[in-house]
Amino acid sequence: MSRKYIHIILLCLLTFILGSCKKYLEIQPEDKYTEEQIFSSENAINEVLNGLYGSLANTSLYGAQLSSTTIELMGQRYNVYPNSSSNINNVTYPRLQSYSYSDNNVQKIFDGIWTQAYSTIIQANNFIRNLDQATVNGVIASSNASLLKGEAIGIRALLHFDMLRLFGPVYLTSATSAAIPYYTKADAKAQPILPAKQALDSVLKDLSLAATLLANDPVIGNGITASKNFYNGYRNQRLNYYAIKALQARVYLYGGNKTAAYDAAKVIIEQGEKWFPWLSYSSIVSETSNPDRIFSTEVLFGIYNSTMYTNYTSYFSSDLVKEDLLTSEPERLISTFENNENDYRYTTTWLSTAKGRTLYKYADIEDKTKPWRFIQPLIRKSEMYYILAETETNPAAALNYLNTVRYNRGLTPLASVYDINEEIMKEYQKEFYGEGQIFFYYKRLNVPYIPDATMGYSWATVSPVYEVPLPLSETTPR
Amino acid sequence: MKNSGSKRIFNKLQLTMKLTTILLLIGCLQVSAHGYSQRVTISQSNAPLEKIFSEIRQQTGYLFFYNVEWLKKSKPVDIDVKNIPIEEALEQCFNNQPLSYTIVDKTVVLKLKEMAPTPPDPIFIRGKITSKSGEPLVGVTIAVKGASKGTYSDTEGNFLIRLAENDKILVFSCIGMKSLELKLRGNTQVINIIMEEESAKLEEMVFTGIYTRKKDSFSGAATSFTGDQLKAVGNKNVLESLKSLDPSFIKVENNIQGSNPNALPTYEIRGKTTISTANLNSQFNNDPNQPLFILDGFESTLQAIYDLDINRIASITLLKDAASTALYGSKAANGVVVVETKRPTPGQLRVNYTGDFSVEMPDLSSYNLMNSTEKLQYEKLAGLYSNKNDLQWLADEIYSRKIAEIQRGVDTYWLGEPVRTGVTNKHSFQFSGGNNDLLFNAGLYYANQVGVMKGSGRKPWNANINLTYRKGKINISNQLSISGYNGNESPYGSLTEFARANPYYRKHNSDGTISKYLDTANNVINPLWNASLNSINENKGFSFNDNIQAIYSISNNLRLQGGLQIMNQNTSAVVFSPPDNSAFDGVDIHQKGSYTNNRIENRSYSGNLMLTYAKLINKHQINANIRADIGESHSQALGFSAVGFPYGTNGNPIFAYSYTPYGKPVASTVTSRSTGFLASINYSYDGRFMLDAIYRLDGSSVFGSNRMFRPFASGGIGWNIKRESFLKRVDWIDMLKLRADIGMTGNENLGQFTSVSTYTSTTDMNYFGIGGLKMMSLGNPDLEWQKTLQESYGIDFTLLASRISGYLEYYNKKTDPLLVPAAGTLPSSAGVNSNYVMNVGYLTTKGWSANLRLSPIYNLQKRIILTFSVTGSTYNSIYGGLGNKLEVYNTEQMKSNGLLRYKDGYSPDDVWAVVSRGIDPATGREIFQKQDGTFSFDYDTEDIVKVGNTRPKAEGVINVSFTYKDFTIGANIRYVIGAYIYNSALYNKVEQITNADNAYNHDKRALYERWQKPGDIAQFKAIGSNYNTSAMSSRFIQKDSHFNGESFNIGWRVSNGWIERFKLQSLNINFYLNDIFRIESVKSERGINYPFSRSASLSINASF
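As given, the protein sequences belong to chains A and B, one line each in that order. Read in order, the letters of the first sequence are residues 9 to 486 in the numbering used here. Read in order, the letters of the second sequence are residues 13 to 1116 in the numbering used here.
Bound-form chain A, shown alone:
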């Protein structure tokens, strides 16, 4: 064979190999999915959003730390015993209650909350970017896409807002102090730490965007349906339109904009109340095997928390030794509920055990098929009534809002009050046990002294340190 031919053949061969090898090198990993794979299927897109809700239910976020444990300890809810050493969480209980933010273990907890929150945010941002692209590509109908996008933006706003509430300054006094960074892009680029005011505005901007996207939310026409359809079932376990409005009300109030808070809360009561009825007496007090202790019908937004009952056994169960148990000082409980054994929230939720009254809110029920069995309440209707009461300029109307809630909790209405805000605070203390709102309530109002958890006397107070320093993992590389 002539040498020339060989050269030509070889050259052709090489060109052929070069041409086909780009394809050869493009392989799909087998133990994970690539973005392209996922965002070419509507079902997979749904699962990504579902994964975001799953992240919210992580113990570092609303699964425990931001609902029933850490944040409640900071709100002086539980009487804890120092020098406990059975597990690392419990070592930190007293240090959380004494706001020892420089403690190594305490720092680890806040670092966990922060990292988990922002890692969920970047996932939401990446979801939003890819969802837009998938909508353009026709993978998903734009009506469905706008629902999903609205929820994802809602998740982003919710997390940023809670990071602002936790790590930001006391807004009332220091709205211009540095607070948190705000991320709207998934590009692994650090964003500047914004002043609290700007961060709050970003939250509000996102919330109004979410509200627009969720304008056709099925919850508006159909309410909560026990359907597993991804777009219209169990809307109370998703950031639905009313949840977004409620969040708006909460954020406006935190920012001191009472009018806007009132307007947002009003929307829910006027338009959506029918879908979120008050819990009936029969579902809670007279129901013995499956009492609805989380008042599920009134929950505007809650997440499916699959660790709820393992959390119960590790934090609240009366089987635990006293050092590990999160429960309230009996006297404190009596004074919080103002000696009122009729209060649905007291009689059904704080049951007498060998270790005194312990929190049963998150104890399992007999019927494992109840659709609300795993709901971790994050926003409830009663808060809207409290917001209305706080922002209503007419004192009689304000009291009426408060009395509505009292009525539905088995309490007698208040005829008149000396200071309605005092009564609202009492209500917050009763209503949100184990739900992570009380610390933020105190912080919003910059309450200088709050009831001390370790002593039952009503006059015993502590002075909270409201601003949690940003974790070192955040500040050191800056």
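Bear in mind the hints are in silico, worked out from the structure with no lab data behind them. Owing to the predicted nature of the structure, the values given are computational and were not obtained by experimental measurement. Each residue gets a CB set at the ideal place from its N, CA and C atoms; glycine is no exception. A portion of the hints provided could be inaccurate.
With a cut-off of at most 30 Å between alpha-carbon atoms, the simulated DSBU-like pairs for lysine-lysine come out as follows [said to hold, decoys possible]: (1) B/LYS1095 x B/LYS263; (2) A/LYS376 x B/LYS786; (3) A/LYS205 x B/LYS897.
So the derived list for chain A, only partly shown, Cβ under 8 Å to chain B, looks like this [unchecked claim]: (4) TYR32; (5) LEU33; (6) ILE35; (7) ASP39; (8) GLU55; (9) ASN58; (10) GLY62; (11) GLY120; (12) THR123; (13) SER314; (14) TYR317.
Given the structure of chain A, go ahead and fit chain B onto it with the hints provided.
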């Protein structure tokens, strides 16, 4: 000596070669074919001698050299013999002839009995030149030495040359073949020459695993060692020997695992190229500084080379600089180790057996533990028995109980319990043979390595068969290898447990049984207890490997070759802890006992196609290659664990109560593919100037979609000064070469990071489905791959007739950018985890390595050689461009008393601590030096400065070897000078003994060398003081220099004489001592979980 006749026809140069090489060459240079019997059966009457000769040649392959004229004077022969040795047959034939004969290596050379008158000139010499495979060689230059005449061989390989009377030496030369000088004797007229391919002389060649270059014409820094050289250092394993031979191949001492045969060592070539600390690289697949291993042209693993039979090695080449490593482009940043195994050689069936027997003894000399009296005294001083107030009576009672035991003579040396003397044996059989067309070699290998900790060992085995078929222009070879291993870890667990046990406890009960607790009151576990249970900790491997290679010689200058490899490897690891193990104390009964089983299966294939062009045009010699390769590797891992076993089970998971609660199966599947294109050229002009250039385009699925292909290139130049006219007459210089090169390589050991985001399923559940999809890592489309730019400069020299030789190399590597996980470099709010990698900073490494050999006695004829040699290397790495991006890691290090820092201008090997000025004799407190130079009693992290560098100032091996006739004696001593080490024994076992640590045994210095009263000048604080201080100061960082007796050997080789009676061709007996002594300046504990060992071994090699 039978071979002496033919030896004389070689020129002087060949005489100077080592005996091994001579033997090799003899195998190649035989003037005829082989593989026939040495006995003949002839029945002829009145036959001319010529006819007898052809009969004998047919039967035995023996050739006859004679002058045709002489035969005219010979007489016809009558002969009738059956199966008698050829010598006897010849004796009969030459009985009455006017001729005599001598047998020279299968050639019968005839002589006239009376001096024949020298025929007058002209003399013609003709003959045929063939390669070893019998292929005729075309275009071979045949020249007369000292004269200007010459000729070429024709297309059939035939030549004819006319000689003058005083033409004595013919020179045969051809590209790709080794030049040959032939001294003419007598009246030889027909000479058939077999020329040997150049690669046969291993020391002069550079095997890159892709192609072979002559060392003379290669500009890169590559060093080659033959199997024999490696074997001369030791018989442990290939890599152990290699580290003694090349200064830039460094074994990173594993102080934790010591001499554990199951712990794979870590090796580095020319220092690190990447950030390597536990917290940064834990996610990476491999050691990111590990060199690339190439076995017979295909990528291999450290494990495979570690278990390789040393007797199979033909050569090992280290590719260190860019000029040679760029051949492997994206994988070669850490250097390349190219291993070639022995290929079949033609000839009769040869059997070679090697038996290695070694005795390993644990080296516990670095431990300096207290005996029972000392320990109790220490405890008393530490205040364990005083000031107990109400409980003083109890403390007193415990103390008296211990003292009673001591007085009874209890002083247990716990360290001696888990160790033993390990006797290892290895057996290796090598077979080779075949005719010119079909050659084969095969090997069987089995080793039983017995570790110095009881119950630990490793049994690697291998069976391989290589076939080579060659006919005309085609050469096909296939290498099949099946291998496996079975490793067991010691049931005694970690040596640490034994080092901690107190000497005042008895190891057995009086009836000889082992109790679970040494001290039931305090639940002190007897370390022998867990060892006495039937635990399992074993790993097994099995692999199948087949390489096939075909070479087609298109013409003398052009060659096409291709190769294909398929590989399948399975490994499994089983760990079983029985329920009675003390680790399960206090564990729920359903979870006592645990079993884990992990399996990994790797499958891979790779193939390549290469075109080689080689040509000599006047003084221009060109070698060029283009090559394409392709490969896929697929690895799958699956594992599970189970808990809850009844007492007395054998560890079969069938007896488990359940899977580990909430445990998930471990599974992963990774597929990666790569392609590469390579063009390389090697040009040399007149043997004086040489140039190497390599361009490689690497495509890999690892790179992600945006940057699938990456180019790598290198260039090198060399100047052989000796060949210049001005040095030609300088006799004392044999060789002097300068070389320089530069090039870029990459590193794929860092793991897979894609440019696209990846998702995984989660196990969380809700009403909308089980799980969701969760982002595992965010894609980074802009990620720059870690590249290493390396410059190297070197000088090679040989002086005074090879009495002095050596090289000196300088290199400068810059890895830019580094890859660092974003977690830690970005604020955590950026939301990316450690799967997201960023480009941060760079790392430069500059270093020297040198080798000098000196032979004051150098007599090759008599084989008396005395050689001293010294190798040495040193390097320094420096970070740059980090800014404060890695501050998080620095803070972490500071908090955990870590010694490392990531700072610009400092080395990854620097250690950081507060400078200590010792213990104040007056107060017993430690004096720290502050940043401004003032002294203080207060420890302040602000005062942490760089206090030393763990990298030695110089490290290398001093070698002495002496050869006398058939005996060789050698010694290799490693020296390490000026490395700073953190002496953890001082920190943990002398001074920072916490209250809880008092329960363990400690270093003697904790008792004797501590400050006691004002005025004492001591290195350590008082006993019992400052339990809570954890100040890391320079007191615990010590400058270490040591000498290690790495290898001593005595060898004896016999290749003729009495052994022939035993049908042996050669017999080698070697005796080695490895790591037998260590002289060091710092007393620190070595071998924390597994002791180091000293070994003595015997190796017997017999060839049949």
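Consistency of the hints with the structure:
| no. | hint | result |
| --- | --- | --- |
| 1 | B/LYS1095 x B/LYS263 | 21 Å, holds |
| 2 | A/LYS376 x B/LYS786 | 27 Å, holds |
| 3 | A/LYS205 x B/LYS897 | 29 Å, holds |
| 4 | TYR32 | 6 Å, holds |
| 5 | LEU33 | 5 Å, holds |
| 6 | ILE35 | 5 Å, holds |
| 7 | ASP39 | 5 Å, holds |
| 8 | GLU55 | 4 Å, holds |
| 9 | ASN58 | 4 Å, holds |
| 10 | GLY62 | 4 Å, holds |
| 11 | GLY120 | 10 Å, violated |
| 12 | THR123 | 5 Å, holds |
| 13 | SER314 | 6 Å, holds |
| 14 | TYR317 | 13 Å, violated |
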